[in-house]
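The hints should help you fit chain B onto chain A, whose structure is shown.
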Amino acid sequence: MSLLEVKNLQVHYPVKHGVFSRVKAHVRAVDGVNFSVAPGETLGLVGESGCGKTTLGRAIVKLVEPTAGQIIFDGEDIAGLSGAQLRARRRKFQMIFQDPYGSLNPRMNVGQIIGEAIDIHRLADSTSARQKRILDLLRGVGLDPSHVHRYPHEFSGGQRQRIGIARALAVEPELIVCDEPVSALDVSVQAQIINLLQDLQQQRGIAYLFIAHDLAVVEHISQRVMVMYLGKVVELAEARTIISAPKHPYTQALISAVPEVDPDSKRQRIILPGDVPSPMHPPTGCPFHPRCPLAQLPRCSTEAPALREVAPGHLAACHFAQ
Amino acid sequence: MADLLARAGDVGLASGPVLWQYSRALLANRLFTAGAAMVIFLAVLALVAPVLSRAGWLRDPMQQEAAGLDEDGIPRPAGGAYRLGTDNLGRDVLARAVHGTRISLTIGTAAMVMATVIGVLIGLLAGFYGGKVDLALMRFTEMNMTIPAILLAVAFAGLMDGRVLHLAPEAWHWRWLDVELKRGMFSLFVIIGLVCWPGMVRVIRAQVLVLKEREFVQAARVLGASDARLLLRHLLPNILPTVIVLAAMSTANTILLEAGLGYLGIGVPPPTPTWGSMIFDGQLLFTVAPHIVVAPGVAIVLTVLAFNLMGQGLQEVLDPKQKK
Chain A
1 MSLLEVKNLQ VHYPVKHGVF SRVKAHVRAV DGVNFSVAPG ETLGLVGESG
51 CGKTTLGRAI VKLVEPTAGQ IIFDGEDIAG LSGAQLRARR RKFQMIFQDP
101 YGSLNPRMNV GQIIGEAIDI HRLADSTSAR QKRILDLLRG VGLDPSHVHR
151 YPHEFSGGQR QRIGIARALA VEPELIVCDE PVSALDVSVQ AQIINLLQDL
201 QQQRGIAYLF IAHDLAVVEH ISQRVMVMYL GKVVELAEAR TIISAPKHPY
251 TQALISAVPE VDPDSKRQRI ILPGDVPSPM HPPTGCPFHP RCPLAQLPRC
301 STEAPALREV APGHLAACHF AQ
Chain B
1001 MADLLARAGD VGLASGPVLW QYSRALLANR LFTAGAAMVI FLAVLALVAP
1051 VLSRAGWLRD PMQQEAAGLD EDGIPRPAGG AYRLGTDNLG RDVLARAVHG
1101 TRISLTIGTA AMVMATVIGV LIGLLAGFYG GKVDLALMRF TEMNMTIPAI
1151 LLAVAFAGLM DGRVLHLAPE AWHWRWLDVE LKRGMFSLFV IIGLVCWPGM
1201 VRVIRAQVLV LKEREFVQAA RVLGASDARL LLRHLLPNIL PTVIVLAAMS
1251 TANTILLEAG LGYLGIGVPP PTPTWGSMIF DGQLLFTVAP HIVVAPGVAI
1301 VLTVLAFNLM GQGLQEVLDP KQKK
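As given, the protein sequences belong to chains A and B, one line each in that order.
Just so we're aligned: 241 in our numbering is position 241 of the first sequence, and the numbers increase by one with no gaps anywhere.
Just so we're aligned: 1067 in our numbering is position 67 of the second sequence, and the numbers increase by one with no gaps anywhere.
Only chain A is shown next, with the shape it has when bound in the complex (with noise of 0.2 Å):
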């Protein structure tokens, strides 16, 4: 059984103009994503900067409220919770945030931020157990548990991630929602964070959505990945497929675009003319196909693709995928 399953997800933001502030469009951030995370699994998620990944990610955690569609943790619709309900829930799911400088109260050290999380589900019997409880945790992301009294501005940004994942793993979740939580880190230590997240997950069989636009990174991590386009889905398969065979014509720009160190490599590049149009007026049909070089016109302008299965475990929304 999936530990997360996501059916028919959508996020959209009423754009308001206008004296009476009446609602002229919507930005369709999410619209419509289905698929589902095992436990202990990680499931890679890319696309450009405004394609809804992140939005996608604060959906699931419930930071941003879906409009519609279904979010199924644990057998349990957590979708359409709110108030002490939802509180009670958010145990099990967790998040990691990109910025390292801006995702730590700077007015509480490492101690409170990391007693915070035991504090707010009482995981906690007693203040030695509190107590052990944090130094554990810092031990345990490769912190030096005397540094439980400084403040974050004492940390690198390395450093830091760290205390922001002891934070996550804190309260014990089965997944975690790591929102782009090496690209604003050096090369050296996107690295260390990244076999921290793998060590963690060994250790703890916790489940990964791992968004990031570096698909470098992504496949190292992933056992499966996401790709997404203005708002949709449009392929989703195992890591290293979608890398060596990759089926939609939108991945496989994507994956030309990956920088590669054999300099006798010919590869072509494929470069995608125009821009990523508005979702705030998505094109009809493919959303891709305005941009497509495998565009057939009218079957892509009027027909929507549905993501279906192409090969075994390895989804595509094209009419032409095969």
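Just so you know, the hints here were simulated from the structure itself, not pulled from any lab data.
Among these hints, one or two may not hold up.
Take a look, some chain B residues computed to stay more than 10 Å from chain A by CB distance [as the list claims (entries may be wrong)]:
1) Glu-1071
2) Ala-1171
3) Glu-1180
4) Val-1203
5) Ala-1220
6) Val-1304
The calculated label-pair distances, taken between Cβ atoms and stated as ranges, are [what the hints assert, rightly or not]:
7) A:Gly-142 to B:Ala-1228: 29 to 37 Å
8) A:Ser-278 to B:Val-1133: 45 to 53 Å
9) B:Leu-1152 to A:Gly-142: 45 to 53 Å
Built from N, CA and C at the ideal position, the CB exists for glycine as well.
Below, chain B alone, put in the same frame as chain A:
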């Protein structure tokens, strides 16, 4: 390390207890040290005024002395036995000005605390909840802004006619909930506090709007933090520098308003010496005895200046972005 500190300073945030963190920079700031020194001097003066009078260093501010007026009933000028002269009733102006500090600082500070509590509360709630709550609270604030503070205060003061207000239903006989509407220190600081808060709301709200989108607030939300925890543990500590600056600046306003009400005759009732009522008493004799008006006037100017200097210094150090 240096760029980390720079980034922390960039958004007006640093970690640890606010004033301790900034104490070094504050002591190096000339505006703050000058203002704070004057405020401390005034506060000490207010505290020791009764001691000075009892020890004979100052005269009794209430005593109408026969020798205080000459044979034509004209107040004594400054210099001589009465250092700053006497007023129209033969009372020592220096003693009254020094004792007036007590009223001004007490009411000014208490009203500042009240205005700050109301302003921060409304600003926090409006910024945090947004939507309809924000709309209602901000329109209410703007309504209060449109009425000049002094007019509103006069209207409130007009209600203080000695009636007893029963807050509990008559049948309950809860006498401890009765409020006697009478003029005095308590009613005065409540009135001033009630009219001085609207200016703070916008600044606080704007800060909360920025802060609540920061990732550490989002992280606390994901952890399941209640609204109370988000407001008290995450938002309030991070707007504290701004609150301190606003509080220091608004003290200048509350003191000025207290003096204004005293001048209009609706301040603390006589014979208690207040700067505002001293100016009112002295204005008829201004041509023959200008010292009666000048002494409390200078006192008001210096006090307001002191709090403004202190506020500006605090702003330069704690809240460099808000500087206008």
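#### Entry: Minimum Cβ-Cβ distance from Glu-1071 (chain B) to chain A exceeds 10 Å
Per Cβ check, Glu-1071 (chain B) is outside 10 Å of chain A; nearest 68 Å; holds.
### Query
So is Val-1304 (chain B) really clear of chain A, every C-beta pair being over 10 Å apart?
holds (32 Å)
### Query
Against chain A, does Ala-1220 (chain B) keep a CB gap of more than 10 Å to every residue?
Since the minimum Cβ distance to chain A is about 7 Å, Ala-1220 (chain B) lies within 10 Å and the statement is violated.
### Task
State, for the Cβ atoms of Gly-142 (chain A) and Ala-1228 (chain B), whether the hinted interval 29 to 37 Å holds or is violated.
Given a distance of about 34 Å, which is inside 29 to 37 Å, the answer is holds.
### Assertion that Ala-1171 (chain B) lies outside the chain A interface [Cβ separation over 10 Å]
holds (37 Å)
### Message
A range of 45 to 53 Å was offered for this pair. Does it hold for the Cβ distance of Leu-1152 (chain B) and Gly-142 (chain A)?
### Response
violated (60 Å)
### Query
Would the least Cβ to Cβ distance between Val-1203 (chain B) and chain A come out above 10 Å?
holds (19 Å)
### Query
Measuring from beta carbon to beta carbon, are Ser-278 (chain A) and Val-1133 (chain B) in 45 to 53 Å?
violated (32 Å)
### Query
In terms of Cβ atoms, is chain A entirely out of 10 Å range of Glu-1180 (chain B)?
holds (42 Å)
Comparing the model with each numbered hint stated earlier shows that hints 5, 8, 9 do not hold.
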